[in-house]
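Participant: Those protein sequences? They're chains A and C, same order as listed.
For the first sequence, this note's numbering assigns the number 940 to the initial residue and increments by one for each residue that follows.
For the second sequence, this note's numbering assigns the number 940 to the initial residue and increments by one for each residue that follows.
Since the hints were made in silico from the structure, they are not lab data.
Keep in mind that the hints are not guaranteed to be accurate.
No copy is singled out in the list; a pair is fine if it fits within one copy or between any two copies.
[Unchecked claim] Keeping only pairs whose Cα atoms sit at most 27 angstroms apart, straight-line, the calculated DSS-like set for lysine-lysine is:
id	residue 1	residue 2
1	K1276	K1312
2	K1312	K1145
3	K1576	K1233
4	K1312	K1196
5	K1312	K1369
Protein chains: 2
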Amino acid sequence: MGEKDFSDRALVGDDSLSYVSREAFHAVREGVSDPIARAGLIADLCRINTLFMIMQAGSGHIGSSFSSTDLITWLWTEYLRDPNGDSDDADIYFSSKGHDAPALYSLLIALDKLGFDLLPQLRRLNGLPGHPDVGTPFIATNTGSLGMGIAKAYGMARANRYTGRSSRIVVMTGDGELQEGQIWESLQPVANEGLAEITVIVDHNKLQSDSAVSAVSDLGPIEDKFRAFGWEVRRGDGHDFGVLRDTLAHFATVTDKPKVFIADTVKGKGVSFMEGLACGDQTYHFHAGAPSLKDYVAATREMLVRVNDTLASLGRPPVVLTSAPVPVRVSPVSPEKIVLAYGDELLEMARHRPEIVVMDADLLSDCGIEAFKAELPERFIECGIAEMHMVSAAGGMALRGMLPVVHSFACFLSTRANEQIYNNATEKRKIIYTATLAGLVPGGPGHSHQSVRDISAIGAVPGLVAVEPCSEREARLAIRWAVEQNPDSTYLRFVNVPLDLPYAMPADYSLEVGRGVTLRAGTDVAIVGYGPVLLTNAWRAADELASHGVSAAVIDLPWLNRIDDRWVSETLSRFTRVVTLDNHYLEYGQGVMVAAAMARTGVRAAVTPIGLTEIPACGTNAEVLAYHRLDGPSIAKHVLALRQA
Amino acid sequence: MGEKDFSDRALVGDDSLSYVSREAFHAVREGVSDPIARAGLIADLCRINTLFMIMQAGSGHIGSSFSSTDLITWLWTEYLRDPNGDSDDADIYFSSKGHDAPALYSLLIALDKLGFDLLPQLRRLNGLPGHPDVGTPFIATNTGSLGMGIAKAYGMARANRYTGRSSRIVVMTGDGELQEGQIWESLQPVANEGLAEITVIVDHNKLQSDSAVSAVSDLGPIEDKFRAFGWEVRRGDGHDFGVLRDTLAHFATVTDKPKVFIADTVKGKGVSFMEGLACGDQTYHFHAGAPSLKDYVAATREMLVRVNDTLASLGRPPVVLTSAPVPVRVSPVSPEKIVLAYGDELLEMARHRPEIVVMDADLLSDCGIEAFKAELPERFIECGIAEMHMVSAAGGMALRGMLPVVHSFACFLSTRANEQIYNNATEKRKIIYTATLAGLVPGGPGHSHQSVRDISAIGAVPGLVAVEPCSEREARLAIRWAVEQNPDSTYLRFVNVPLDLPYAMPADYSLEVGRGVTLRAGTDVAIVGYGPVLLTNAWRAADELASHGVSAAVIDLPWLNRIDDRWVSETLSRFTRVVTLDNHYLEYGQGVMVAAAMARTGVRAAVTPIGLTEIPACGTNAEVLAYHRLDGPSIAKHVLALRQA
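For reference, chain A alone in the conformation it holds in the complex:
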């Protein structure tokens, strides 16, 4: 970029967002006749809008969206018949990784399959979910939890054969995604049954989350692997439309087996400074968050210059972007960083305890263990996107005297490795499972990442005590308790949203299994919950209730599957009404445990569980909490309604 002056070919404001209008897309789609030139222009224009969407949302996967943009543009504009349409021979396309949803939305909008009004609605309530959901037109299946796509394609192909439909099915996968065992579980049946209508495209951009795939868990010779599983394999430049066209033409001649195209791509393709790892850098900086406004503007300018240069060479008029204001976001003033506090305390203990080993499934920075890896790299094991392997490997380590501390997002750790966690439990060795990104918020990634059933999923594992800390202090106490005091295994559940907490733990607070702590005294109603999201909103509800003359206590009960009957009876029998809050489905959440304990111990207070009753909505955190009536005002309203009932 340097000192170059783009003013004539790239009218992009320094202090606003810009997008490509419907009319601009129409001009290119209708005015450019060469398919390859046209696809290149559409792809770049889509990238501009993808970036706009991510800036509007404040988050989204740029790198993965950009690496796949050329591929999907060619597929949807030149290859697929009536893609994801209603006709009997409509072809099917979906992304198994799902992280590249912004790219597909951007393309669907460019092709008038989704309305332009949705452009600013990425990750908003009733807008475009962070990961694909069949509620959105032209989305074929729900993805975002990795590795399921090839199995789903198998099912679709079998169903099509039953119903006499002749769709071709194209599935995009990531390359890091190939670390998931389910991929390999599905490859063989698809080949054994000769499902030639299935084509997989591996978006092989060499980076997963923010590290090189080769550094995380190298894939070895990918082509040999697919061949050994019975697939027709081609490899080539995933940004060269000619290669893609020829590859798909070759695949059409193969009628007895499924096909895979290993597409060599570049993460962040299309913006020079977003493309792959910078020289000497081991961290990729554009995986999941929105870029700075400065980077945004530079990126948009670079792409627009390229588009307009091409248009000029074709004798076509330039694209002029439409501008939109930069959305204003309110940040917490002095938020508690609970996950970082946890990681800090763990590191402090590990310095003196050589048995502690930290394991991670490619979510290092979200699990608070970057400092651990930096200081004790020899006791840090990066397992890649391989939760089953990680958890069983932890079992093996525990059998040989180590104390493994296993990390992933709650939604994946508790479910993908569910059986492996149980198998470990039956060996009665101590393991700590640290599950982050728990609960309804952040609401942006959507239900594939909103972990709202993990308490149920692991709640009955014997000898596994589940705890959710509500503050930095409780997080430090919890990991210390798990390492030093709990003879059994522990499941630590953490919310990742930084929040200004209205409450403080009592100075002499210590953890006692099954027993809660009163954060705010009250006499009319007890609001019982756990974790920072619930308790912050309970506090706000208590404020509001106070203004209605209702005195509400706020009680932190961090234990998710252990309840001390004596504590229940001592603490809750003082109230005539108890409200439990769950950052989780109501079924088999903590509220059920509390209510059951009240019944068991004869506490006569009326009890009302509040929690999730439907699949979580996607949106901003405030939108999602309000939608599910777990924000302070909704809780207050619920309590007031109970009193009037």
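The hints should help you fit chain C onto chain A, whose structure is shown.
Facilitator: This is chain C only, laid out in the frame that chain A set:
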């Protein structure tokens, strides 16, 4: 065998069991100097004892035990240093499949590592568990749920490196087991880290459960697959000790990568009529059950003749077996076959509903769907041991208009495909999950197969209604309700044990979501439960309570995660005491839901949940139920104690 007279070389009674004594093993171990001849003799003698153990237990995996016997005999007698011992350089051996546990126990007994007193204790309480458990000496890890072994070996190897131990680790896997995605998830990290201390031996006996691997889900070129994942590969005859010796010698020279030996073996090796599929037969008959007494005697004679012929050729005296009585087993008189009734009703509906597709994960005969496959083979999909693939494929089929009915054991379906079930649920398409072998009994296979946390594991999946029928009639009603009435998805939980039921459903009984039915009227205490095991034992308890003057009602509540508050309030408020029974861990079982509903609806009865509080014991059904105090007498005793408290 034919007309040959074995009387002089095989003294085996026609009406008793026979085993090889400690002394006989010592004579061979100490008296035969050629390692290969010695290993062959020990292996055959072990097979005789394995068969004895399985006859004593009434069940056990013969085929898999026999195919692996030669391999483990060589490993434990000629290759491993201090196997699974306490020394720092003790080698580690375990079987990832775990189904071949009887073979290993038999060998450990022959080698004096386990006492001969355990020989008749297979699958008995405090005896030798149906699948390996670290509570047994010389068992390195818990297996039986497939695919975890290589990951565990990875963890052990990493731990050994941390702690400065130099063990070699040998892991046995099945071949059908290679269908599990976790195997492939683990292969790459082991190779990437060059863990040359790990050797995998694939017991490639070509049969899984009772069908050919190639017919279930063909493995393709196994050697190419392992090579593509970075492993050193050798293939050879798994019953040829010379090949095994040479292969292990070669592996010792490879120091930069893990190794795998694809051992071509014969399922049931050692007994002519148990070896592989009989000519023209597609079903293997010696996978998991005990043989007939006639087959047992013939098999034992055949092996003993071979042993004694070899001993004679070596100039050694023959082995004389010790005899033991055939155990007497009491069978139910007129048992309900609930799973078969379910399968029959499903087939009846499928005849008229072309959208129904049945999917199976290699457990056909245990899931009541053999008749379905026979009559509607085109709508039967055998997925192999690939639960994740099966469930996501079902999701793909449901998206394209089919109604998939997905089958496996409850312990595997609910946990290995836990995330995939949830992902499907978020698409809001209808799928039926049929989970068999639920609950504590049969107690023989041990905790890897006793599904006692599946209610918790899937209880919070939105739009998934879990039901456990308690009779053939309720099973028929349940599958019909799931297909015809329930707009959402259903999880059908089935006990597989055939029982004489003491109760009958009321003539006009129909299923209503969340509502139970009184099977036996009573006034003093309500015993609430589900499924045939709990309700049969509740009935027995009620009989016993009646003799103490206590009138107990027995209430069937088949709904595991839906409770109708009005039903709770109408039905349970008539009692002063309610006892809930769970064939499941107490945490997050049905009892918690019932107690919570009582609290929520203000039912003031005292409530006591009874269920599992520890990892299930292995044993006969009667032993296990009594141990966990879920048999009739224990329930009665518990209720009486409550009344006195």
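Participant: Run every hint past the structure and note whether it holds.
Facilitator: Hints, one by one, checked against the model:
| no. | hint | verdict |
| --- | --- | --- |
| 1 | K1276 with K1312 | within (18 angstroms within a copy, 56 angstroms between copies) |
| 2 | K1312 with K1145 | within (22 angstroms within a copy, 44 angstroms between copies) |
| 3 | K1576 with K1233 | neither (43 angstroms within a copy, 74 angstroms between copies) |
| 4 | K1312 with K1196 | between (44 angstroms within a copy, 25 angstroms between copies) |
| 5 | K1312 with K1369 | within (22 angstroms within a copy, 44 angstroms between copies) |
Violated hint for the displayed structure: number 3, the only one.
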